[in-house]
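These protein sequences, in sequence, are chains L and H.
Sequence positions in the first sequence follow this note's numbering and run 3 to 433.
Sequence positions in the second sequence follow this note's numbering and run 18 to 190.
Possibly wrong hints are sitting among the right ones.
[As the list claims (entries may be wrong)] Mimicking SDA-like on lysine to any residue, the simulated pairs with C-alpha atoms at most 20 Å apart in a straight line are:
1) H:Lys144 with H:Ala130
2) L:Lys285 with H:Gly72
3) H:Lys105 with L:Thr314
4) L:Lys285 with H:Arg68
5) L:Lys414 with L:Leu303
6) H:Lys105 with L:Lys414
7) H:Lys47 with H:Ile173
8) H:Lys47 with H:Lys144
9) H:Lys105 with L:Leu303
Keep in mind the hints are simulated off the structure, nothing from the lab.
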Amino acid sequence: MAHKHEIPSLDESFEFSSSSKRKLIISAIIGVVLVILGYFLVAKFGHHEAGHEAGAHGGGHHGATVFSRLVANLWMNSVYFIGISVVGVFFLSYNYVAKAGWYTSFKRVPEAFPSFVIVPALIMLGLFLYPETRNIIFHWTHHGIMDPASENYDKIIAGKSWYLNFGFFLVRMIAYFAVWYYLWIQIRKNSLLEDEYNDLAYYNKSRFYSKLFLIFFAVTSSTAAWDFSLSIDTHWFSTMFGWYHLASWHVAGLAAMMLTILLLKDHGYLKAVNFSAIHDLGKLMFGFSVFWAYVWFSQFLLIFYANLPEETIYFQERLSGYGGRYFWPFMFNIVLNFLFPFLILMARESKRNVTFLKLATVSILIGHWLDFYQMQMPGIAKDQGGIGLMEIGTTLTFASVFVYFIMSQLSKANLIAKNHPFLEESLHHDI
Amino acid sequence: MAHKKYIVGIFDDEDVVKDAVGKVRGSKVKIQEVFCPYPVHGLDHALGYDRPRMGVPAFLFGITGTSLAFLLTFWTMGIDWPMNIGGKNFIPFPTNIPIVFELTVLLAAFGMAFTFFFMEGLGPTTKPVIFDERSTDDKFAMAIDMSKNTLSDAEIQTILKESGASEVSVKEI
């Protein structure tokens with residue numbers, strides 16, 4: 003409420019200590035060790051009747067191996083973390099375009115996220131350019147699949163060749179990464195200049211780049227969803243998929259932002275961020291969990307209701323396919339992403355309570371990891387999928403490097419954007 | 018019905034009335050209500066009102082809607098007159114979700130509207146009490162119920178004037 007309150011100092015610099023650097027590097031290495039360990043354990047003792055030889059020749063398109071599982075892990079974690087990163091620019095952009103002021107006190111947090119985009123981008127480009135991994139991930143890249151003379155010919159996939167072909171796909175991928183990253187650099191640069199020289203021109207420039215980003219992202223968030231996740235199950239399609247994918251990215255990004263802010267506050271930073279701003283961010287998190295559930299359920303219900311074999315196969319694979327190994331990830335997906343955050347964040351006070359918020363963010367972050375897992379793993383790793391050391395290791399490594407990037411970005415500038423024209427609004431934000 | 022005696026202070030400015038509420042309450046005067054042309058941020062806090070617990074009835078109405086919808090769909094489609102639709106179960110859970118959602122929203126919305134009417138004593142025949150018509154235009158009216166205060170008329174009028182009221186009047190309603 004409107005009590006008179008003190009505004010804490012706006013000069014805060016985040017120190018990325020060498021001990022936390024060391025910890026992050028160690029946990030990244032532990033992740034890699036876990037992956038190697040998991041890989042050999044599964045290769046030695048796991049059930050892989052399909053054998054290695056099936057995946058070895060580029061044309062083979064049925065047998066999945068332990069290697070497929072590793073590739074699936076790298077791909078799904080890349081897609082998950084690139085989403086969280088790029089949502090940083092997305093969040094800034096829609097707030098800039100809406101001339102919003104409430105978020106400016108913690109603006110440096112989403113601003114730090116997109117610096118990580120390059121890492122998954124390089125991994126994804128590598129996985130796509132290397133023929134063997136490309137064939138493991140994408141059905142449509144298999145040799146001769148679009149050639150009527152070939153025995154691999156698939157009429158339905160050939161009909162999508164105008165969109166799903168090597169050249170266009172590569173161009174699209176590079177365009178997404180390059181433009182997202184470039185527009186982030188511009189917004190970031192202007193924000194840092196604004197700190198130094200108090201001038202409204204930087205705000206206006208940031209707004210200009212935000213508009214460009216929103217226009218570009220409006221299209222590319224959907225096309226990226228088709229490319230990165232939908233085209234794995236090449237035969238299947240869903241018109242809801244772009245929104246579903248974006249909703250998943252967005253709410254995971256919001257949860258990551260919230261968790262970063264709360265942890266920074268725990269360590270005595272971001273004193274100027276008041277609980278009204280956090281409450282509003284919590285509302286967004288709550289709202290977009292519900293939005294995700296709405297889109298997810300709409301997609302499911304229509305397919306369930308229509309009951310057409312070529313559509314239901316997608317859910318068949320997840321609910322009972324491959325010995326039912328994807329059933330629990332599929333079910334936990336809804337619990338962690340919708341039911342739990344919905345119930346726990348419903349009350350007003352819980353959106354102002356650090357413990358409740360942390361529970362909800364962790365649930366959403368794990369939940370959306372599972373969401374991408376069940377989107378991509380059945381198509382890539384097929385009967386080799388599972389959640390074990392390999393998955394934990396890959397995610398740990400990605401998360402450590404992600405946190406490393408964010409922390410080094412945060413340490414590069416004042417933690418509060420102190421010359422942002424709407425900063426006062428955020429400091430006195432009161433709901 | 019016996020007439021009730023009120024003292025009404027008229028204020029010209031949002032900030033003045035908000036400060037005045039504090040001063041008047043500080044002098045042990047009970048305020049009946051403050052009428053404003055628009056919502057004044059922080060006024061409810063100054064008046065010492067508790068945060069309304071609207072969420073509780075809303076949740077209860079909502080959950081009633083959810084239960085009724087499940088009862089309706091399960092009973093009609095699955096038990097009373099089972100119908101085979103597309104070879105699905107007689108109680109196909111996903112199919113019922115839209116109905117469950119709609120009835121939850123409907124009952125929560127209606128329930129809250131009627132809760133509001135009930136709590137505010139509003140109905141088709143009730144006549145609202147208007148202390149000063151200008152409070153729907155550009156003035157802020159603070160009403161003080163004399164039967165609930167021990168201070169005399171003159172004392173309260175002085176307190177109101179001192180805390181910034183532009184005019185003070187006595188009303189019997």
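Assess, step by step, whether the Cα of L:Lys414 is no farther than 20 Å from the Cα of L:Leu303, and give holds or violated. violated (47 Å)
Is the Cα-Cα distance between H:Lys105 and L:Leu303 20 Å or less? Answer holds: H:Lys105 to L:Leu303 is near 13 Å, not above 20 Å.
Next pair to validate is H:Lys105 with L:Thr314; report whether the Cα-Cα distance is within 20 Å. holds (13 Å)
Satisfaction of hint between H:Arg68 and L:Lys285, Cα-Cα up to 20 Å: holds (18 Å)
Given pair status - H:Ile173, H:Lys47, alpha carbons within 20 Å: Cα-Cα ~10 Å, so holds.
For the pair supplied as a hint, H:Lys105 and L:Lys414, confirm whether the alpha-carbon distance does not exceed 20 Å. violated (59 Å)
Check the hint pairing H:Lys144 with H:Ala130 against an upper bound of 20 Å on the C-alpha distance. Holds, at about 19 Å.
Agreement of H:Lys47 and H:Lys144 with the hint, judged by alpha carbon distance not exceeding 20 Å: Cα-Cα ~24 Å, so violated.
Would you check the hint for L:Lys285 and H:Gly72, treating anything up to 20 Å between C-alpha atoms as holding? holds (15 Å)
In this structure, the hints that do not hold are numbers 5, 6 and 8, in rising order.
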